[in-house]
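**Q** Spelled out from the first residue to the last, the chains are:
Number of protein chains: 2
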Amino acid sequence: MFTGLSAFPLTPTDEKGVDERSFADLVTRLATAGVDSIGALGSTGGYAYLTRDQRARAARLAVEAAGDVPVMVGIGALRTSEVLAVAEDAQNAGASAVLLAPVSYQPLTDEEVFGLYEDVTGELSVPLCVYDNPGTTHFTFSDELHERIAALPNVGAVKIPGIPADQAPDRITALRGRLAEGVALGVSGDQFAAGGLNAGADLWFSVIGGLLPEECLAITRAAAAGDTARAEALSARMEPLWELFRRYGSLRVTSAAAEHLGLVGSPNLPRPLRGIPAAAKEEVAAALDSLTSSRRRS
Amino acid sequence: MFTGLSAFPLTPTDEKGVDERSFADLVTRLATAGVDSIGALGSTGGYAYLTRDQRARAARLAVEAAGDVPVMVGIGALRTSEVLAVAEDAQNAGASAVLLAPVSYQPLTDEEVFGLYEDVTGELSVPLCVYDNPGTTHFTFSDELHERIAALPNVGAVKIPGIPADQAPDRITALRGRLAEGVALGVSGDQFAAGGLNAGADLWFSVIGGLLPEECLAITRAAAAGDTARAEALSARMEPLWELFRRYGSLRVTSAAAEHLGLVGSPNLPRPLRGIPAAAKEEVAAALDSLTSSRRRS
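Listed in order, the protein sequences are those of chains P and C.
Sequential numbering of the first sequence, starting at 1, is according to our numbering.
Sequential numbering of the second sequence, starting at 1001, is according to our numbering.
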């Protein structure tokens, strides 16, 4: 399942709870578009802000709504005991894989992070994707630690942060040399994804892919076909969105974009998170509209 | 209540749960030593790793065990709705104040953090202490934001990170000029506390004060009496501990120190956190023993 485009939908949530209907519709929309897998309850899916019960229900909904498309479910939490509980819920819901970031409050040591993956992988019956996201966890993996963790049973993939295109080939070659055979290497950081795929990453874990699957599939398929120039050109067309991601964060921009497309209500982020200001929402709408009209032209 | 020494006990916890008996004993020990207040379920008290029920029970135990000493209870959580629930539990338990850090997963904007404090202070009937701890929350308060938040109803104090002694007078004067009248300013970062108190901070929020209250009260009382040199000298005597704090983090060192003093069992930190290696535990024991023998000599 760790190939191509893994699309991460929002889990629209307000102070009353999860908008389950919109969430299921978002997942169905991705499955219909033909994404290779769905990453439910990732950072974009706000897993860290949901209760165990909300997460279990959302995992079930995602698996049902995805049909034949495999679903990976985020299982991160501050406590190992909570990770184990959420992992069991995800597996019971029918998840094909789980995604685990070393969420921190007290800064974690390498031994603590290794211990977390050791404790969790020992209890799994589906593959785990190691989620390396220093922007939210504030933990930085060394290559040596990636190597040790990837050698644990049930590790199926590693999801790394975005790498600027000029550094991607070296970085991906170096890290792949560390990973046990059969462990897939996937890139995040949507703006850098074309470069990562062109440099040989196995898949793209995509935020905007959870909302604009066609655009992201086109990039992914171009890279897979070896048409590196087309992959880069299709990605460059999305630069207005990447620019907004850099300014407001990918989650808030994707939230506003989903609102603009009429796919979710407002608000759709759990407090303390807030939507972006009205003026910024207009910029998001303009970026989406320019993308749609350029799609019509191409 | 925001004066002198506020001592933060550990909440000894393992995979089976909170060791409530040891926790209550730690609190009673602090009250007996005469600390000015107790900070239950702070970062040292592992609030972020406990369930709502564990936190509610620990808050009740702390208030009971503290007798006449006022107890401040940590109410931080990733979701505002959870903060509000935990705050209600803390107030029902008899907390005299609450402590709130802007815990983050998605990096928070200034407006989101202001909104969090606005949402929470509006629901409180006890004073709130703003908890500024970028080492765990990864949020950096601007002075302007401190000023806005301190003007909200029910804000009673601000807890700031450690400031090197040479910068403390300027920093404390500058920040105090921003805070609404009646809002206390307290320092953290044990190694820098003497300097902060000597520079006019109202109180010391202390990690090691939760374990070695006599030593910390001596520093606090010397500073309050204007004997800045004695406060600095008493703090300097604890340098072997400060050095270990810098190397392993104050929580892990305090955990090992409490073990060495026979006050808690082992393990006493919730996974993924782990105790420090055996060799480091020996260093902690040696630092404590040298402090005890220097206390006997003085």
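Everything labelled a hint here was simulated from the structure, so no lab data went into it.
Here a beta-carbon is modelled for each residue, glycine too, at the ideal position from N, C-alpha and C.
Some clues are possibly wrong.
Which chain P residues face chain C? A few, computed with CB under 10 Å, are given here [what the hints assert, rightly or not]:
id: 1; residue: R79
id: 2; residue: T80
id: 3; residue: V103
id: 4; residue: T109
id: 5; residue: V113
id: 6; residue: H138
id: 7; residue: T140
id: 8; residue: W242
id: 9; residue: F245
id: 10; residue: L251
id: 11; residue: L261
id: 12; residue: G265
id: 13; residue: R271
id: 14; residue: L273
id: 15; residue: R274
id: 16; residue: A278
**Q** Confirm or reject each hint.
**A** Going through the hints against the structure:
no.: 1; hint: R79; verdict: holds (5 Å)
no.: 2; hint: T80; verdict: holds (4 Å)
no.: 3; hint: V103; verdict: holds (7 Å)
no.: 4; hint: T109; verdict: holds (7 Å)
no.: 5; hint: V113; verdict: holds (7 Å)
no.: 6; hint: H138; verdict: holds (5 Å)
no.: 7; hint: T140; verdict: violated (13 Å)
no.: 8; hint: W242; verdict: violated (17 Å)
no.: 9; hint: F245; verdict: violated (13 Å)
no.: 10; hint: L251; verdict: holds (6 Å)
no.: 11; hint: L261; verdict: violated (21 Å)
no.: 12; hint: G265; verdict: violated (18 Å)
no.: 13; hint: R271; verdict: holds (4 Å)
no.: 14; hint: L273; verdict: holds (6 Å)
no.: 15; hint: R274; verdict: holds (5 Å)
no.: 16; hint: A278; verdict: violated (13 Å)
The structure fails to meet hints 7, 8, 9, 11, 12, 16 from the earlier list, while all remaining hints are met.
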